[in-house]
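Put together the whole structure using the sequences plus the hints.
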Amino acid sequence: MSDLTRSTDRSYAPTDGLVLRFSTREAMKHAVLILGAMVVLLPFYVMVSYSLKAPAEIMQQTGGFLGSQEPFRDDFCIKLGNAVEDCMVNPIVYNYTTAFEKAPLVRYLLNGVIVTVSIFLIQVIVALPCAYALAKLKFWGREAVFGLVLFCLLIPVHAIALPLYIMLAKLGLTNSYAALIIPWTISVFGIFLMRQFFMTVPDDLIDAARMDGMSEYSIVWNVMLPTAIPALMAFGIFSVVAHWNDYFWPRIVITGNRDLFTPPLGLREFKGDADGDNFGPMMATACIIVTPLIVAFLLAQRRFIEGITLSGMK
Amino acid sequence: MKKLTTAMALALLAGPALAEDKIVIEFAYPYSHLFDVTYEKILPKFYEAHPNIEVKMRATYESYEDGTNTILREAVAGTLPDVTMQGLNRQAILVEKGIAKSLEPFIAEEADFAKDGYHKAMLDLGTFDGDVHGLPFSISLPVGYYNMETMAKAGYTTENLPTTWEDVIQACVELKEAGVDNPVFWGWNITGNWFLQALMWSQDKPTVMGTDFTLDEPEGLTALNTMHDIFRGCDMQNLEWKAALASFAAGDVGMMFWSTSAVGAVERSMGDFTLVTNEFPGLTNNGPMGLPAGGNSAMLVSTSEDPAELDAAWKWLKFITSGEGAADVARTTGYMPPNQAANEIILADFYAENPTKATAVRQLPLLREWQAYPGDNGLAATQVIYDALEGIVTGEFDDMEELQQELSEEVQDLLPTGS
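For the protein sequence lines, the chains are A and B, in the order given. With the first letter of the first sequence counted as 1, position 169 gets the number 169 in this note's numbering; the numbers rise by one all the way through. To convert, count from 1 in the second sequence and add 1000; that's this note's numbering.
There are no misleading hints in this set.
Partial list, derived from the structure: chain B residues whose beta carbon lies under 10 Å from chain A:
1. Asp1036
2. Val1037
3. Asp1066
4. Thr1070
5. Thr1191
6. Ser1247
7. Trp1258
8. Ser1259
9. Ser1261
10. Ser1269
Derived by calculation from the structure, the hints in this document are not laboratory data. As the structure is a prediction and not an experimental result, all values here were calculated from the model. The C-beta atom is built at its ideal place from N, Cα and C for all residues, glycine as well.
Structure follows, in structure tokens:
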């Protein structure tokens, strides 16, 4: 034990000025991290590269990252009865315009925004009062209710997908925004996360508010909500990322109208399986789908890490 | 005043819709990447012939399995479309469950049904319990794809391409000697154990008879041995779909045995070499005695009671499977329409100009059913067989007699008993 303490002490010992020292351990750590980063980034590299290249270059694995950018013949255009000269297209232009035209991606992106924002707002409206009650109010059976919340965290969505689908179908709600939003409005993860955060808020703050004559609801929205912003941001990122990227659920409930597709479903427009997929536009679609998330993450990076640390998810 | 203009505008908008009284039918199909262009071509022609019918396209299925799953779910939810396109080997389950309707009443009312090109072999693919339930729309058959520049290294020309699997293995050896590392890819991994069924049908043996899985018979052993010989004799790599198509397109693979439906995709993505397609090799010099048909079939799943709507759905079904509608399948995809009239009259010139697509048409007399494994465990049976075939490719299984016994027992246990 004492040995351990001493060695820790040494590593935190103040050094005079900046001494560049080679440490095998640090180097190893970085090597492992760099390797991990490469594994994570490689699919992104492939995605961006494919979205820029012509089909022949993609299939033959030639052309490096950018491809030669020579115009190629769009066979589908010719099949629709156009002349060959009118069907020569530049790979980048073809991939991205096809992504926007064949899969009406603007529409899908709009659907994605409507769905994810609605889900998040309703989740907050439900989760905040629940979390407040579980953290700060004393009532009979509180521990049991919290136990149920934890239990619900263990249920995978896929296990209850069919019953949910049938319930929605009986209500006549399949193929609607409601079907995409309602099943996710109560987030047990959100309740759990906010409860953990509220546990750290001092009781004095709430007592003071009560003494000033605030009602419990008023405390939730006017006292607890402002203190919980960082945790809400963290939860918001989890929620938005999960539902923006969700392929499984929209695919189950949206079978009628293509106009209700969320962005990931746009990818299926380019699938051909044994008859060859159309990778260029498919990867262009993928690039467009992930861009908003990456931008949002870069902007909110600090908040995100703060939120994770604050909410006891360490 | 403002209100009045709005009301007038609304009345104007509503006017034509009321006057024409269009019948709307809903339609869903798989693989929009492959078939969107086909329907884009067919729709204007259909509207010209039937101006009072409107076809509403639903969200497309991402694969045949997804198509079947979606229909099964929609049947529970009561949101079925009127017409759906289903994989040929996935029709049976919809008939068993009473979701797909018999087409016999509609056929009975057609005066020139046979004349429109619907011949028996085609109708057989969608016939269950003696009633036609599905009209095949796009058909594919297994064919051989050859990279002629690579084949030339071992002295092969279009005149002496392999006709039996022994020839193929011989060609592999010669290609390897000529420095080709990866001479062949054989599409064992195509969905529904299509190529296993191809080897069984090659011996004129169905893979499933009633509820009996026939792999335990001598033909089954021949099929397994043939695969084993090809994979070992050619040192075939275990590639997944995308990688297989990619290495053929890149010119690394000399021979690829695959579905004819990929001709378009291969031509679009291949490097600078000469592509020739040729008949699927057989076990003897006479070639295969039969081959399973892949592709999809149009089924009527409408829950409507309205005769006018059902009639409209039938008109659409008939339009896309005969005449110009059917011909557009061949013009826009690698598939061919199974319709005799379309293939022999409308498309005669087309096949002369597109010889790579003509191979499958020459094989049409061999057309046999792509069989489904009956019962609720059909998909599980497919997967068990898939795993076993992969074991042959990777070299995990070397004793084919042992594998034949184990596999047929395991699959038979998954199929319903009796009858």
